[in-house]
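> Counting from 7, one number per residue, gives the positions in the sequence shown under the working numbering.
Honestly, I wouldn't trust all of these hints.
Stated by the list, open to error - In silico SDA-like links for lysine to any residue, alpha-carbon gap of 25 angstroms or less:
no., residue 1, residue 2
1, K165, G125
2, K46, P59
3, K46, T164
4, K66, K126
5, K165, S143
Unchecked claim - Cβ-Cβ distance ranges computed for the label pairs, FRET-style:
no., residue 1, residue 2, range
6, K9, R376, 46 to 54 angstroms
7, H265, L36, 42 to 50 angstroms
8, E305, D171, 18 to 26 angstroms
9, D171, Q346, 24 to 32 angstroms
10, T164, L92, 17 to 25 angstroms
11, R236, R189, 18 to 26 angstroms
12, R201, S366, 15 to 23 angstroms
13, L36, L92, 23 to 31 angstroms
14, L61, G301, 15 to 23 angstroms
15, I123, V87, 36 to 44 angstroms
In short, the hints are calculated from the structure, not lab data.
All C-beta atoms in this analysis are idealised placements derived from N, C-alpha and C, irrespective of residue type, glycine included.
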Amino acid sequence: MNKTHLRIAVLHCGFTYSGGGERIVIEQVLGLRRRGHEVKCFAPTVSPARSYPDLLPALKVKTFLPQLPSWVPLREALQMVAASALVPLYAWRFRSFDVMVAANQPSAWIAWCLSRILGKPYLVYLNQPNRLVHPRSVDRLTGWVANPDYRLLSWVVTKIRRFVDWADRVSVAGAAELLVNGRYIGDIIRTIYERSAHDCPAGCHVEEGYPRPTEERFEGGMVVNGFMVRRPYVLLTNRHYPQKRFDLAILAMAEVRKHNWGAQLVIPGPATPHTEDLKVLVAELEMGRQVLFLGEISESELLRLYHGAAAYVYPAPEEDFGMGVIESMACGVPVVAWDQAGPTGTVVSGSTGFLITPTSITDYAQAIERLLADPVANQGMGRQAHARARQFSWENHLDILERTALAVAAGNALDPEMLSLPDRREGSHAAS
């Protein structure tokens, strides 16, 4: 029986930084292409230098409308608004696609409009509810809208909130199927939008050979981006935003220092205005030698850091999933995270890492100390973490997405049993 190959349009909210949502779309587009589908990716705004510069060129992302010059103030926000408001002007570009995959807002709204104009089916993939309409408690606490473009979007939403809320709901409700980024955030999405949704958690590339031998994780060091990183070190990867709560990890490392002066917390990633606040905290704690801000690094350098880490910490308290968690586990690195939100669906406490009572800095520090103090036990946890990561492979993710797209394109109801996939192995990709 010949496999059906589809023409698929993948719509995303924008490629303006290297975040989990962007990585998911990159893997979806490239993965569906490997499986023989003709896939094109669209977004309101694209900044190749700031969003996965090592990976994004392969997507050849197209914008819905011509891009404004880089010198235009708040261009990203303006392009998102324009793409959302002017759908009839570019709808003709989508007349030949079999199905549309809309990742987050405003892509779901754009897909809904295109569907009404062209009669094309679409499915929605949500990492989270629209945070401009449904902010989390940590957003209200930390003021997550630090980017000027998002401040403008937030201001626009406050002025037309009733319309935005309606547009958000109608476009999610109108999708033939709804996929969500895992059980935790999926339950929240199902409650908010009052509709069924299938769990399709983000993935990682899983290979053999992890964890690395003890000497590669607990001895010596390496130079990354001009910084000397000493082993054993603790790794933290995420965007430098207030709601990610890097400060909690830094405070925990201040406790770790009392018993392990040489342990380092290694933080890669491009600086944001919040990075300076974190550096002030580090200076106040006199931890300049224990906390390294590496700056922006390549994917290959990030991979080296994952390979050599003794522990991975994830201090964000309300994350919808947490891709860094499974990426570290795929490299055989145990995780320390809070016992709430996304990591509760990925980390098995006491087996693949530790889930700690939220905001208990002392307990968090003690978990890190345990992983640093006993390399043999750490290796055992690393092996279990690596085995657990197989359940979150990108191939499992693509199986669910592909089967859903095929059903939607054919106008068939999706059988949930089709999405109950066995664990499968990946042997041809490096760990993310």
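> Note whether the CB distance of H265 and L36 lies within 42 to 50 angstroms or breaks it.
Hint holds: Cβ distance 44 angstroms, inside 42 to 50 angstroms.
> Measuring from beta carbon to beta carbon, are D171 and Q346 in 24 to 32 angstroms?
Taking Cβ atoms as reference, D171 and Q346 lie about 26 angstroms apart, which means the hint holds.
> Given the proposed pairing of K165 with G125, does the C-alpha separation stay at or below 25 angstroms?
Not satisfied, since the Cα-Cα distance of roughly 31 angstroms exceeds 25 angstroms.
> Quick check: does the Cβ-Cβ distance between L61 and G301 fall within 15 to 23 angstroms?
Holds: the Cβ-Cβ distance is about 19 angstroms, inside 15 to 23 angstroms.
> Just to be sure I understand the hint, the distance between the Cβ atoms of T164 and L92 should be within 17 to 25 angstroms; is that true here?
Holds - the Cβ-Cβ distance for T164 and L92, about 22 angstroms, lies within 17 to 25 angstroms.
> For I123 and V87, compare the CB-CB distance with the range 36 to 44 angstroms and indicate the outcome.
At roughly 19 angstroms between Cβ atoms, V87 and I123 fall outside 36 to 44 angstroms, so the hint is violated.
> Between K165 and S143, is the straight-line Cα distance small enough, at 25 angstroms or below?
Distance of about 21 angstroms is within 25 angstroms: holds.
> Against the range 18 to 26 angstroms, how does the distance between the Cβ atoms of E305 and D171 compare: consistent or not?
Since the Cβ atoms of E305 and D171 sit about 38 angstroms apart, the hinted range of 18 to 26 angstroms is violated.
> With respect to the beta-carbon atoms only, verify the hint that K9 and R376 lie 46 to 54 angstroms apart.
48 angstroms, holds
> Given the hinted pair K46 and T164, is their Cα-Cα distance within 25 angstroms?
Measuring from Cα to Cα gives roughly 33 angstroms; hence the hint is violated.
> Could you grab the alpha-carbon distance between K46 and P59 and see if it respects the 25 angstroms cut-off?
18 angstroms, holds
> For R236 and R189, compare the CB-CB distance with the range 18 to 26 angstroms and indicate the outcome.
The hinted range 18 to 26 angstroms is violated for R236 and R189, with Cβ atoms some 37 angstroms apart.
In this structure, the earlier hints numbered 1, 3, 8, 11, 12 and 15 are contradicted, and the remaining ones agree with it.
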